[in-house]
Amino acid sequence: MSNVTLYSISYDLSHAVVFAVGSLAYGSWRAAIDSNAVVTTIAVLVFAVILLAASMLNTIVLIWYERKLLGRFMDRRGAMHVGYAGLLQNFADGLKLFRKHTFAPREADDLGFYFGPTAYMVSSMLIFGILPISSGWNSGALPLSLLLALVIFSFAPLFIFVSAWSSNNKYSLMGGMRSAAQMIAYEVPLLLAVVAVVLVAGSFDLSTIVYEQQNYWFWGPLVVALVVFVAAMLAEMERIPFDLPEAEAELVEGWNTEYGGMLFAFFMLADYLRALVGSILVVLLFLGGWTLPTWVPSAATSFPLAGIFWFMVKTYIVFGLFVWVRASLPRVRTDQLLRVGWNRMIPLALLSVFLAALLVSARCLPVFGCVPSLGG
Amino acid sequence: MTEELTATEKPSDNPVLYVARPMATAARQFAKSLLRPSTIVYPYERLEDPKFREQVQVASGKPIGVGAVWDNYRGVHALNIATCISCNLCAFSCPDLCIEMVTVPGGDPKHAKKCPEIDYGKCSYCGFCSDACPEGCLTMTTRYELSTPKRSEMVYSPQKLYEVYRTKLPMNPIRLERPANEDSILLDPPLCIGCNACARDCPTQCITMLEIPKPTAKPGEKLPKRIWKEPVVNDSDCVRCGTCVSVCPKECLFWGSRR
Numbered sequence: 001m002s003n004v005t006l007y008s009i010s011y012d013l014s015h016a017v018v019f020a021v022g023s024l025a026y027g028s029w030r031a032a033i034d035s036n037a038v039v040t041t042i043a044v045l046v047f048a049v050i051l052l053a054a055s056m057l058n059t060i061v062l063i064w065y066e067r068k069l070l071g072r073f074m075d076r077r078g079a080m081h082v083g084y085a086g087l088l089q090n091f092a093d094g095l096k097l098f099r100k101h102t103f104a105p106r107e108a109d110d111l112g113f114y115f116g117p118t119a120y121m122v123s124s125m126l127i128f129g130i131l132p133i134s135s136g137w138n139s140g141a142l143p144l145s146l147l148l149a150l151v152i153f154s155f156a157p158l159f160i161f162v163s164a165w166s167s168n169n170k171y172s173l174m175g176g177m178r179s180a181a182q183m184i185a186y187e188v189p190l191l192l193a194v195v196a197v198v199l200v201a202g203s204f205d206l207s208t209i210v211y212e213q214q215n216y217w218f219w220g221p222l223v224v225a226l227v228v229f230v231a232a233m234l235a236e237m238e239r240i241p242f243d244l245p246e247a248e249a250e251l252v253e254g255w256n257t258e259y260g261g262m263l264f265a266f267f268m269l270a271d272y273l274r275a276l277v278g279s280i281l282v283v284l285l286f287l288g289g290w291t292l293p294t295w296v297p298s299a300a301t302s303f304p305l306a307g308i309f310w311f312m313v314k315t316y317i318v319f320g321l322f323v324w325v326r327a328s329l330p331r332v333r334t335d336q337l338l339r340v341g342w343n344r345m346i347p348l349a350l351l352s353v354f355l356a357a358l359l360v361s362a363r364c365l366p367v368f369g370c371v372p373s374l375g376g
Numbered sequence: 377m378t379e380e381l382t383a384t385e386k387p388s389d390n391p392v393l394y395v396a397r398p399m400a401t402a403a404r405q406f407a408k409s410l411l412r413p414s415t416i417v418y419p420y421e422r423l424e425d426p427k428f429r430e431q432v433q434v435a436s437g438k439p440i441g442v443g444a445v446w447d448n449y450r451g452v453h454a455l456n457i458a459t460c461i462s463c464n465l466c467a468f469s470c471p472d473l474c475i476e477m478v479t480v481p482g483g484d485p486k487h488a489k490k491c492p493e494i495d496y497g498k499c500s501y502c503g504f505c506s507d508a509c510p511e512g513c514l515t516m517t518t519r520y521e522l523s524t525p526k527r528s529e530m531v532y533s534p535q536k537l538y539e540v541y542r543t544k545l546p547m548n549p550i551r552l553e554r555p556a557n558e559d560s561i562l563l564d565p566p567l568c569i570g571c572n573a574c575a576r577d578c579p580t581q582c583i584t585m586l587e588i589p590k591p592t593a594k595p596g597e598k599l600p601k602r603i604w605k606e607p608v609v610n611d612s613d614c615v616r617c618g619t620c621v622s623v624c625p626k627e628c629l630f631w632g633s634r635r
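Just so you know, the protein sequences line up as chains Y and X, in that order. This note's numbering applies: residue 1 is where the first sequence begins, and numbers increase by one. This note's numbering applies: residue 377 is where the second sequence begins, and numbers increase by one.
Because the hints were derived from the structure by calculation, they are not lab data. No incorrect hints appear here.
Simulated restraints on C-beta separations:
no., chain 1, residue 1, chain 2, residue 2, range
1, Y, ALA249, X, ARG527, 29 to 39 Å
2, Y, ARG76, X, LYS544, 27 to 37 Å
3, X, LYS526, Y, ARG339, 50 to 60 Å
4, X, SER414, Y, ARG339, 31 to 41 Å
5, X, TYR418, Y, GLN336, 37 to 47 Å
6, X, ARG397, Y, ILE9, 40 to 50 Å
7, X, TYR418, Y, ALA53, 31 to 41 Å
Residues from chain X that keep clear of chain Y, each with C-beta distances beyond 10 Å, as calculated:
no., residue
8, ASP472
9, ALA488
10, ASP507
11, THR518
12, ALA573
13, PRO595
14, LYS601
15, ASP613
16, SER633
Where a beta carbon is used, it is the ideal one built from N, C-alpha and C, also for glycine.
One chain only, chain Y, in its complex shape (with noise of 0.2 Å):
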């Protein structure tokens, strides 16, 4: 099983698929149906919608995940009525919101406030194509991956301002110019965070960075860069106490206000597949993805899909860190965020860029593998 991949698996279908079709067909159709460019075509279709649907019943596990946490977290049960546990709400809430009318308002730009919310679960969506979740179950070697993530994931401000714009409605607009305020604040100390990963790991590819956390995961060597990366991913999934450009106590909802229906449901789809991508790269960048430690028995590494097993499991609990801190902290003021990110957060990543390459150049990294409880 260990040579199974995402994509053998997309391509043996693919395979299936057009060999079954190409029976039926007769001479020269046979050989254009059956030729290696159709199969491998429908390969990365194949491809695509098991990373679409895979991605989108992850997101619907999470926000039941969120919403039982943080039930406990109050003191009560979360969704219990539709399915197991409630497990099959969201499911229900989605299809009521799918079928309910999707209208504009009168005075909006309607070009804007429809490709807005399109723009932003395309771009969340995107990112799942590049994050690997389990060794071989990746797209494919890109060398810049992180980089392309972290390219992609910073889109989302101006698809909010936009469709925040073209809405027409002040407080749409003020959760807009909140969303492009509060960006400056925590992408600077996110990506030198980010360097201080790349520093040690020596590569921008994220299947090298996991590779490079054999012998110990980089939260150990780099608690620091973790705690900032984790409070500017928090702003950057603008979740509670980052969640200014949404505060529904003082902008009605934010920059969806105007939005009902399925275009609210795309944005909150991807609002969770943000959430999910923060997650996932937690899991990815600090604590080593999917490899377990040395001293766990093989027996927990050696069953089919181990790894993303462990990958998942990893990134439910990073989740469920986020839902502490979500159940724990109020909202933070615009100065109050600004204060940090800049006066906190930026000095914490710079000192965390220069422990990084303090430990890289003195050569005292291989210290952190003789530590078991660190992972590796």
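With chain Y fixed as given, assemble chain X onto it according to the hints.
Just chain X now, kept in the frame of chain Y:
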């Protein structure tokens, strides 16, 4: 809530504590409610269930519903149709006009039996109707579940109220302490025409029409055209509902003291 914050509740200036303290509180809450949150899954679990007895603080001997918490609870009415005398007092006393007297089968042919039909969309659960009921057949129970997808189902017919009565829920008859009504029904004889309306409509049948001697007409005087009978009220049976006063066409019956 103008009390000053205690020292432990003051927000800290230390940024680490500022984050760590609420997160520790949330983690404690999470650990506490991980097994059993304080909420109950209401449609599937009910506070009436004995396993929640401690939670609702009801002494173990008492049935839940009349315990310390719900001692004076006023929910859906229970109506015992068999003892209802159709006196109309509940409808009279209702401040929301949500009670309508509707005919139910079982009355004698002359005297239709009418029982209250209650519209819970209007009812304010004041309990005046139960207090006014002379026979104690309209009481309030501890039933609190009234939600329904149809507005018309908020109107409870007498039969439906009787079904509530048959469930034997803990009843809460509203009985206010007050001096008994000493007034009686009095008659102004010259006005009466002996029409029998009061005797016909009296729910307790305590009015009987007694014949009175027809006076002999003096020459030149014209006797009034009437039936030579007059109502006599049996005070011990009268529930003082006032039906006779309201049905009298000549307004010759009124409230007053015999003394």
